[in-house]
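**Student:** Just so you know, the protein sequences line up as chains A and B, in that order. According to the UniProt record's numbering, the first sequence holds residues 1 to 764 in order. According to the UniProt record's numbering, the second sequence holds residues 1 to 160 in order.
Bear in mind the hints are in silico, worked out from the structure with no lab data behind them. Just so it is clear, CB atoms sit at the ideal spot from N, CA and C, and this is done for glycine as well. Check the hints yourself; a few may be wrong.
[Unchecked claim] List time: in silico DMTMM-like cross-link candidates among lysine to aspartate or glutamate, alpha-carbon distance up to 25 Å: (1) A:659 / B:76; (2) A:659 / B:158; (3) A:659 / B:21; (4) A:659 / B:99; (5) A:498 / B:99; (6) A:500 / B:89; (7) A:583 / A:538; (8) B:153 / A:23; (9) A:659 / B:89; (10) A:500 / B:128; (11) A:498 / B:81; (12) A:500 / B:99; (13) A:498 / B:89; (14) B:153 / A:138; (15) A:155 / A:174.
[Said to hold, decoys possible] Chain A regions said to be covered by chain B (calculated; three or more residues, Cβ under 8 Å): (16) 271-278; (17) 701-710.
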Amino acid sequence: MTVQKGQPQNYVGQRVNRVDGPDKVRGAATYAAEFDLPELAHAVLVSATIPHGSIKSIDETAARAVPGVLDILTHESEGIELKPVKAYPRGPAGTSVLPLQSPKIEFRGQPVALVVAESLEAAQHAAQLLEIEYDASDFRATLEQGMNGLPLLDKVPMPPLGHSRGDVGKGMKDASTTFEATYDTPVHHHNPLEMHAVTAAWDGDERVTIYEPTQWMQSSQYTLAAMLGLEPDNVHVISPFVGGGFGSKATTWPHLPTAVLAARKLGRPVKLVLSRAQMFAAVGYRAATTSAYTVGLDDNAQFTAMTLDAQTQTGVSDLFPEQVGNVPKMLYANPNMELKQTLIRTHAGPNIMMRAPGEASGGFGLEVLMDELAEKAGLDPLEFRRRNHAPENEDPESGKPYSSKHLLECYDRAADAFGWDGRTPEIGSMRDGNTLIGWGMATATYPVYASAATARARLCASGHVEIEAGSHDIGTGTYSILAGIAADSLGMDIEQIKVKLGDSRLPKNGYSGGSRTASSVGSAVLAAAMGLREELLEAATHDSNSPLHGVAGQDIKVRDGGLYFGDTDQGETYTAILGRMGKDQHEVYRETIPHEGSQKQLDQLKAGKDGSVAAVAERYARHSWGAVFVEVRIDPDFMTPRVSRIVGAFDIGQVINAKTAESQLTGGMVWGVGMALHEETQTDDRTGLILNSNLAEYHIPVNADIGSVQAIALDHPDFRVSALGARGAGEIGIVGTAAAVANAIYHATGKRVRETPITLDKLL
Amino acid sequence: MTSLNSVPLTLMVNGQAHDLELPVQATLLDVLRERLHLTGTKKGCDHGQCGACTVLMDGETHLSCLTLALSAQGHEIRTIEGLGGPDGELHPMQAAFIEHDAFQCGYCTPGQILSAVACVEGGHAQNDAELRDFMSGNLCRCAAYPQIFEAVKSMAGERQ
């Protein structure tokens, strides 16, 4: 951290244990469903068992007869009206579909009733006794049905998602080789281990407190306020720990208002925890995609043109684009590009962002395509990518210079650590005994989303400093990162810093997604902590009773919880300064505008929007970079691919906590393995329902699936992105990894699989 | 119309007896979380598929979501809250998880740690493959598997 020359860097950039670690390993971290409130009632949600149609009748008799049942909410209930809201990105809600407002069903798993009882067991039992009859209608449940079926739902071309440059027709004519291929990715579900949950407690009719796991407290706050006609300040959201989110907890979903309505109706707190099956409905998903490419290469194996015609799935009422074009339109030097994307409406429900939305799915197609082209050109896959590398001074998409780009160094570092030189190019040429070995690689990139942010730093008489930010730690290390930044800014021990997150009454912050929290909220905490230091320094140097009276500010250093003249003992602790100020605490609040942003982003943040600057900003295109190398081992008789080794090198700007950043990167790469080999939400064509809505059949990697995973983070601060020089680590790990696995499988077996997951039936 | 029959029973959790009156179908997991407020034991699937609800019963790992509270009577139940020392000091496995950053969101962590303790104490960490296999009943969606592996291995090494 080059905050100021002479700044101690005891924490920033170092490997620092998580400050919330002791609570988490003790089971003492309190997640949303773990707040015990007096008179708490338990709710169970009932979900639609058809993908499209309407509710014909609901018989509540048996359910209401269960002892302990307090109420059942359905669309026939009175006093539960909700006002309309807009879905992300137009508004902060996950969907505009309101629960329990009409008998209409437009997606599988849509909430249709809420059963509330004195005990969880009674609510569960009664929910099973609720008899609901439906009038089922024809449906389109999958991308394939939407593309190929009768036009029950429209297809929506999205010109704003398109991109065009140069002259593709001429580029194709100039090509010495052309190639076409189509790549598909299926529906994925986020499946954080912690289920979505909400506990709602009203204080009168105008104020409600909700305990909810969320990546964006303001989404819950503003969505509920709009639905219920409340002042946003009267919706208090508490979310200190979030058991994973990956995008599903970024926006609000229809179960949230149901519990809030029930709590208001009953006049007592209500807790609702979704079931794992319900985590596959109405909390978003990564949409299925199909990407059709045509490319031209010249004699030097450099791109002359590329077209990408992408079709991606979405829901009925809301249009959320899985932006598969994000990576192909900018990653390689190519003068002529034409990108089109069409959204296909389906009765699968609202989709939403999931870890590297668009980049993970779109990066798969592009990076397998690159492997295919390298082979056609007779080049090593790494050499082919180097040959098409886009220089630092020109982003192919925008023509602008990059803020910072060290992709070639990523290639070098990862290839060296992996031992890529030892690869023999022929298919099936590398073996360990009978086992086929395949080595594959891919490029990774992820855009920078930087938001306006706010934070407060408070020195307390006890000598510790409180850092307050209405942000979130979704496993990303926010508590630890912010504590480290504050400790270094003030020259304090990290244990003297107490970070408070996860409360909507703390200084406002945006969405914890898009790998933005460390750089955005970190910048606000840096400003607040440095502001606190400046004000204490000012107080000391202007106080004739201070040993620092009259000393010039630039000669003063921070250490040991105080201010000292150079390296001498002349100085004093912060608490001594505070004592002479006659205060028991001193606090500083700061707002930060992201680089290349303006007051506009700050105003947006304060109005409950995410207030972010786009990756391609006024002066610079801002992206992170990476290279992933993978080894697979395949038994030739059973064709079961195993990923034995991964090495990734990433250029993500300044690393704030090397330990937690590494975990983010390795976790992302393991997600890439899951995407390549395991993950697929399977839908029954005949019923439109999900066949594997559980963790036994929706496969994610387990410990035994994962071998050695090494993440190398380059250390090039990017001060064109943030004051910290940080860009973000949360998502880039998954980008590219799935393709690297697919390419390694091809190298081992000669089977080119252009879709995920690559299950053994596709290799036999 | 069925009603919920409640029955009296006593559960021994972390060395403490709890006299309870429970519906017969109540799971050990829901009783720990909702009635005893021992929320360190987590619900991740309620179907025995994720391992987040792992507890030790008489020293062996059990999935508390698939265990009826009734059938837990007469057994010594140990949850994450009972793993550390009496003065709050961390169990060495808990310390190893912190040191190796073997978690991110922390939600699967109590279950991972109890499985890890059973893995090492039961001698199931004799080699890397065995360790990974034993720990594969505990899903980690943040995918801290390499770090979990290192944490458990460090403790297995201590023991040998």
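**Student:** I'd like to know which numbered hints this structure contradicts. Please list them from smallest to largest.
**Tutor:** 1, 3, 10, 14, 15
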